[in-house]
Structure formats: structure tokens, C-alpha cells
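J.: Mind docking chain P on chain C? Use the hints.
Chains C and P, in that order, give the protein sequences.
Mapping of the first sequence onto this note's numbering: residues 1 to 251, in sequence order.
Mapping of the second sequence onto this note's numbering: residues 1 to 194, in sequence order.
It is worth saying that the hints were derived from the structure and are not from the lab.
Don't take each hint at face value.
[To be verified] Cut-off 25 angstroms, straight-line C-alpha distance, at most; resulting in silico cross-link-like pairs (DSS-like, lysine-lysine):
1. P:K133 - C:K236
2. P:K131 - C:K236
3. C:K218 - C:K158
4. P:K131 - C:K41
5. C:K108 - C:K146
6. C:K158 - C:K146
7. P:K55 - C:K119
8. P:K55 - C:K158
9. P:K107 - C:K41
10. C:K189 - C:K41
11. P:K55 - C:K41
12. P:K107 - P:K123
13. C:K72 - C:K189
14. P:K107 - C:K119
15. C:K189 - P:K107
[Said to hold, decoys possible] Simulated restraints, written as ranges between beta carbons of each label pair:
16. P:K70 - C:E193: 47 to 53 angstroms
17. C:E193 - P:S51: 28 to 34 angstroms
18. P:G96 - C:T149: 48 to 54 angstroms
19. P:K133 - C:E193: 44 to 50 angstroms
20. C:G177 - P:N167: 37 to 43 angstroms
21. P:H85 - C:T150: 47 to 53 angstroms
22. C:D135 - P:K131: 49 to 55 angstroms
23. C:H94 - P:Q71: 24 to 30 angstroms
24. C:M1 - P:R104: 16 to 22 angstroms
[Claimed, not checked] Rough simulated footprint, nothing fancy, chain C against chain P, three-plus residues with beta-carbon under 8 angstroms:
25. 6-15
26. 46-57
27. 83-89
28. 108-119
29. 136-142
30. 171-185
All values reported here derive from a predicted model rather than from experimental measurement.
Even for Gly, the Cβ is constructed at its ideal location relative to N, Cα and C.
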Amino acid sequence: MLTKRIIPCLDIKNGRTVKGINFVDLRDAGDPVELAEIYAKTGADELVFLDISATEERRRTLADLVLRVAEKVNIPFTVGGGISSVEDVDILLHNGADKVSINSSAVKNPQLINDLVAKFGSQCIVVAIDAKQIDGEWIVHLVGGKVPTTLNLFTWAKEVEERGAGEILFTSMNHDGTKDGFANEALAKLSTELNIPIIASGGAGNMQHFTDTFIEGKADAALAASVFHFKEIEIKDLKEELKRNNIPVRL
Amino acid sequence: MNIVIIDYGAGNIQSIKFAFQRLGYEAILSKDAEEIMAADKVIFPGVGEASSAMKKLRESKLDQIIPTLKQPVLGICLGMQLMCHSSEEGDTQGLGIFDVDVVRFSKDVKVPQIGWNQITNLKSDLFKNVKEKEHIYLVHSFYAPLCEETIAEAEYGLGYSAALKKNNFYGTQFHPEKSSEVGEQILRNFIETI
Numbered sequence: 001m002l003t004k005r006i007i008p009c010l011d012i013k014n015g016r017t018v019k020g021i022n023f024v025d026l027r028d029a030g031d032p033v034e035l036a037e038i039y040a041k042t043g044a045d046e047l048v049f050l051d052i053s054a055t056e057e058r059r060r061t062l063a064d065l066v067l068r069v070a071e072k073v074n075i076p077f078t079v080g081g082g083i084s085s086v087e088d089v090d091i092l093l094h095n096g097a098d099k100v101s102i103n104s105s106a107v108k109n110p111q112l113i114n115d116l117v118a119k120f121g122s123q124c125i126v127v128a129i130d131a132k133q134i135d136g137e138w139i140v141h142l143v144g145g146k147v148p149t150t151l152n153l154f155t156w157a158k159e160v161e162e163r164g165a166g167e168i169l170f171t172s173m174n175h176d177g178t179k180d181g182f183a184n185e186a187l188a189k190l191s192t193e194l195n196i197p198i199i200a201s202g203g204a205g206n207m208q209h210f211t212d213t214f215i216e217g218k219a220d221a222a223l224a225a226s227v228f229h230f231k232e233i234e235i236k237d238l239k240e241e242l243k244r245n246n247i248p249v250r251l
Numbered sequence: 001m002n003i004v005i006i007d008y009g010a011g012n013i014q015s016i017k018f019a020f021q022r023l024g025y026e027a028i029l030s031k032d033a034e035e036i037m038a039a040d041k042v043i044f045p046g047v048g049e050a051s052s053a054m055k056k057l058r059e060s061k062l063d064q065i066i067p068t069l070k071q072p073v074l075g076i077c078l079g080m081q082l083m084c085h086s087s088e089e090g091d092t093q094g095l096g097i098f099d100v101d102v103v104r105f106s107k108d109v110k111v112p113q114i115g116w117n118q119i120t121n122l123k124s125d126l127f128k129n130v131k132e133k134e135h136i137y138l139v140h141s142f143y144a145p146l147c148e149e150t151i152a153e154a155e156y157g158l159g160y161s162a163a164l165k166k167n168n169f170y171g172t173q174f175h176p177e178k179s180s181e182v183g184e185q186i187l188r189n190f191i192e193t194i
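Isolated chain C, as found in the complex:
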């Protein structure tokens, strides 16, 4: 049986992890590779590296990081942040990334999704969508949720699927950082209307939130950052709790 995935997300700036990390056993708290290895050993199903640096050397630094992660980590990982061309994706996949995630570049140039799918296949193209609910309507936002577009979340998600993306990573800006739970109503609508896997992101605060997003939100995977980095939730404990709630997980 296909299991529900738990995905820690690592924010990366200039090749180093950004958000505070509370792992006493880390030799180097800023080294993404060491952190990734620990997550792989402690039950993470997949990892996401989100690059938020804005320097000239960004491309090369990220490509180097991907190579170092691929060398050490024996579970799949996705890379995102600032990816805007076929060439960007080519080098990241070549260096060992399993999937890439595109966001703003797909909104600005939807044809990019088709081009990437044609060259690399649906299975490695994730489209990340940040959206905020405004007066009842879910509006797609860019630049980490700062800039609103005119796109409706569900219309855009459908288009993303039709253009061939293999997966959608949906972050609710209303829930992100609140630790109040995931946007389960919107997630369930996405999961029902679309026929590709949906990753839930934004709002994880406790273990019950994960159970809720898999059951009420019908999510295929759940992504979180700080609850894992600060050890508020241990992945192994989380998976045992999910199993007790009859949610299939890899233990």
C-alpha cells in the first residue's frame, strides 16, 4: 500500500540552512547535508531544499549542494527556489536531485511546465503554489506570498496538472507560520478535483494536524519545517501516531 509521506523542508541561503535548527547532535548546525542525513536516518520519506539566496553565485552554489546531498542521502529529495529555465533544471537533475519545484517562473511563463515535462518527464516536475484566501477566494501569490496575482488557486492548479506537472506543493499563506493546522478544506478540494499527488504545506504545529491533513485534507504528503528542526515533533513519534490513526506510513 502506498504510504503517506512526511517531508521536512530545509530553507537554504548561500549553501547553508537558514531557519534556526535545534539539533544538539549536529557538528555544524548550518550544514544542510548533515541535517539531511539525520532526517534520512530518522524516518523522513523525502526532503525539500528551498533556496532563498539572491546572489549571483546562487546557481552554482545550489548545484554544488545538490551534488553533496546526492552523495550522502539515500532517500529522494526535491530542490526549489529561483528555478526558471530548462538549463537550471538540467544541471540540478544531472547532479542528483530527484525532483525540482518551480513556483513564480511557472506563473510568469506557464509554457515552462510543458517544456520541462517534455524534456525530463512529469515525475520530476513539482509545481509549488502559494495562495492566500481573500474574501473567501483563494488567490495565488508570488515572491514567497508577498505579491498577489489574478489567478484562482483551483483554476491554476488544474492548468498545472493539464500542462503535465507530476505533483503540486500547496502552501496556504493564511496558515503558514501559525502552527494552527493545515488548510484542509482547500487541500481536500485540490485532492478531489485533481488526479496528481498533493503535498500539504503551512500550519503544522502538532501531530494531530498531520492526522487531520491526511484524513480531512486528503493530502498525499505533508511538509513542515520548524516543528521538525526544533524537535517539537520527532518524525518517528509522528509516524507511530499516524499509524495508530490507521494512516499508512513507512515505519
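T.: Below, chain P alone, put in the same frame as chain C:
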């Protein structure tokens, strides 16, 4: 031990090379027919779309070489699918090593299947020291139905082949190089037991 990973421009070959490195083996990437024929073990990787991958194989004439190999060959993901008789993806004629036709998952399940599923009914030394129902990582939209050559099964809306074997040819739909300790055991078996 001379391990060659066939490098024909369709596959996440770096990850496979690194996986062997973690096991203590240095694998070579090659598209040279003589180098491939001289290997002790051959890995036939593949990700992406079937017809374009098959086209690349034909261009390098490796479609003629692979079916004649005598040493153990392991096809991974699309590599396994291309070793089958045909694939519904891009209406592709395969290498015909496994006597089965690859087809698309129905719309009753989410496609692609992405994530960790369980393998059961394990039938080969490839799975030595691997328990029934262990989890492996998969990402695919097309599958090989159950057949005589099935040596591991998975279930996604229906039962299908997670691995195939015929003579010296092995294929896994899953990615052993991304399947944590279970995958490492399977790669180790391919190198040390088979």
C-alpha cells in the same frame, strides 16, 4: 568488481553511482559497447519518457547490445520498462527481454504514483535478507502487469510487477538507490549474491 552504469542520456545516473559508492563500490558510467560487454555487472537506468529514451538507446546502438549481454543486468524504473516487450507510453517498442507489455495506471488512482509502497511475494536472491512488505520508493505512471517473470509485487489500485527477472536480466520498477537501507540491501545483493 567492474560495475558499469549505462550512460545513454536518460537517467539519474549520479544517484546510482553515489549509492554504489556508499556501499564501497566504484561504478563506471559508460555508453561504450565494449566497456559495457566487459563489465561484471551492468546497471541500465532510466527516468523520463519511454519513446525518447528508446530513441536515445537506438541512436547509440545500445538497443542491439543490451539483449545480448550475458552478465547480470539490472534495469531500474524506466530501464526496466524498456526491457519489456512494449510500452503504452509513446507507443514504444521495447527490447523484448521481458515478455510483458507496460501500460498506464487507470484514472481510479492518482498518477504518477509517487512515494513509498510495499513489496510482497519476493522470489529471487535479489531480495535476500529483505523482508516481505518492506517499503521501497517509486515514482511512475506506467507499470508492468503481473506475469510469469514477476519476482516482486506491489499494489496500487491493482497488483503489478515491482520487479522482473528472466535469466541474467533483472528489473525493478522502484528506485533501490533511493530506497534507504532496503534499497541498499537490494543493490548489495545484485553485486554480491547474484
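J.: Now look at each hint and say whether the structure bears it out.
T.: Structure-based check of all given hints:
Between the alpha carbons of K133 of chain P and K236 of chain C the distance comes to roughly 19 angstroms, so the proposed pair stays at or under 25 angstroms and holds. Using a Cα cut-off of 25 angstroms, the hinted pair K131 of chain P and K236 of chain C holds, with the two alpha carbons roughly 20 angstroms apart. As the CA atoms of K218 of chain C and K158 of chain C are separated by approximately 17 angstroms, the hinted pair is consistent with the 25 angstroms bound. Note on K131 of chain P and K41 of chain C: the hinted pairing holds, with a Cα-Cα distance of about 19 angstroms set against a maximum of 25 angstroms.
Distance restraint check for K108 of chain C and K146 of chain C: the Cα-Cα separation of roughly 15 angstroms lies within the 25 angstroms cut-off, and the hinted pair is therefore satisfied. For the suggested pair K158 of chain C and K146 of chain C, the alpha carbons sit about 23 angstroms apart, so the restraint of at most 25 angstroms is met. Taking the CA atoms of K55 of chain P and K119 of chain C, the gap is about 13 angstroms. The hint holds against a cut of 25 angstroms. Simply put, K55 of chain P and K158 of chain C have alpha-carbon atoms about 31 angstroms apart, too far for the 25 angstroms limit, and the pair is violated.
Annotation: proposed proximity of K107 of chain P to K41 of chain C is violated, straight-line Cα distance about 34 angstroms (limit 25 angstroms). Taking the CA atoms of K189 of chain C and K41 of chain C, the gap is about 34 angstroms. The hint is violated against a cut of 25 angstroms. Between K55 of chain P and K41 of chain C the alpha-carbon distance is near 39 angstroms, which puts this suggested pair outside the 25 angstroms criterion. The hinted pair formed by K107 of chain P and K123 of chain P fails the criterion: a straight-line CA distance of about 30 angstroms is larger than 25 angstroms.
With a C-alpha separation of about 37 angstroms, the suggested pairing of K72 of chain C with K189 of chain C is violated against the 25 angstroms cut-off. Simply put, K107 of chain P and K119 of chain C have alpha-carbon atoms about 24 angstroms apart, close enough for the 25 angstroms limit, and the pair holds. The suggested pairing of K189 of chain C with K107 of chain P holds, with an alpha-carbon distance near 17 angstroms, which does not exceed 25 angstroms. Taking the beta carbon of each, K70 of chain P and E193 of chain C are about 51 angstroms apart, inside 47 to 53 angstroms as hinted.
Take E193 of chain C and S51 of chain P: their Cβ atoms lie about 30 angstroms apart, and the range 28 to 34 angstroms holds. Distance hint for G96 of chain P and T149 of chain C: a CB-CB separation of about 49 angstroms, consistent with the stated range 48 to 54 angstroms. For K133 of chain P paired with E193 of chain C, a C-beta distance near 33 angstroms fails the hint of 44 to 50 angstroms. In this structure the hint that G177 of chain C and N167 of chain P lie 37 to 43 angstroms apart at CB is violated, the actual value being about 57 angstroms.
For the pair H85 of chain P and T150 of chain C, the supplied restraint of 47 to 53 angstroms holds, since their beta-carbon distance comes to about 49 angstroms. The hint said 49 to 55 angstroms for the Cβ distance between D135 of chain C and K131 of chain P, and at roughly 53 angstroms that hint holds. Under the hint 24 to 30 angstroms, the C-beta atoms of H94 of chain C and Q71 of chain P, about 27 angstroms apart, fit the expected range. Roughly 20 angstroms separates the CB atoms of M1 of chain C and R104 of chain P, a value that falls within the hinted 16 to 22 angstroms.
Look at the stretch 6-15 of chain P against chain C: 3 of its residues bring a Cβ nearer than 8 angstroms to a Cβ of that chain, three or more, so the hint holds. Given a C-beta distance limit of less than 8 angstroms, the hint that chain C covers the stretch 46-57 of chain P holds, as 3 residues qualify and 3 suffice. Evaluation of the coverage hint for the stretch 83-89 of chain P: breached, as 0 residues show C-beta separations to chain C shorter than 8 angstroms, against a requirement of three. With 9 residues having a beta carbon nearer than 8 angstroms to a beta carbon of chain C, the stretch 108-119 of chain P meets the requirement of three or more and the stated coverage holds.
Note: the stretch 136-142 of chain P has 4 residues with beta-carbon separation from chain C under 8 angstroms; the three-residue rule is met and the coverage holds. Under a criterion of three residues with beta carbons nearer than 8 angstroms to beta carbons of chain C, the stated coverage of the stretch 171-185 of chain P is upheld, 8 such residues being counted.
The earlier numbered hints that this structure contradicts are 8, 9, 10, 11, 12, 13, 19, 20 and 27.
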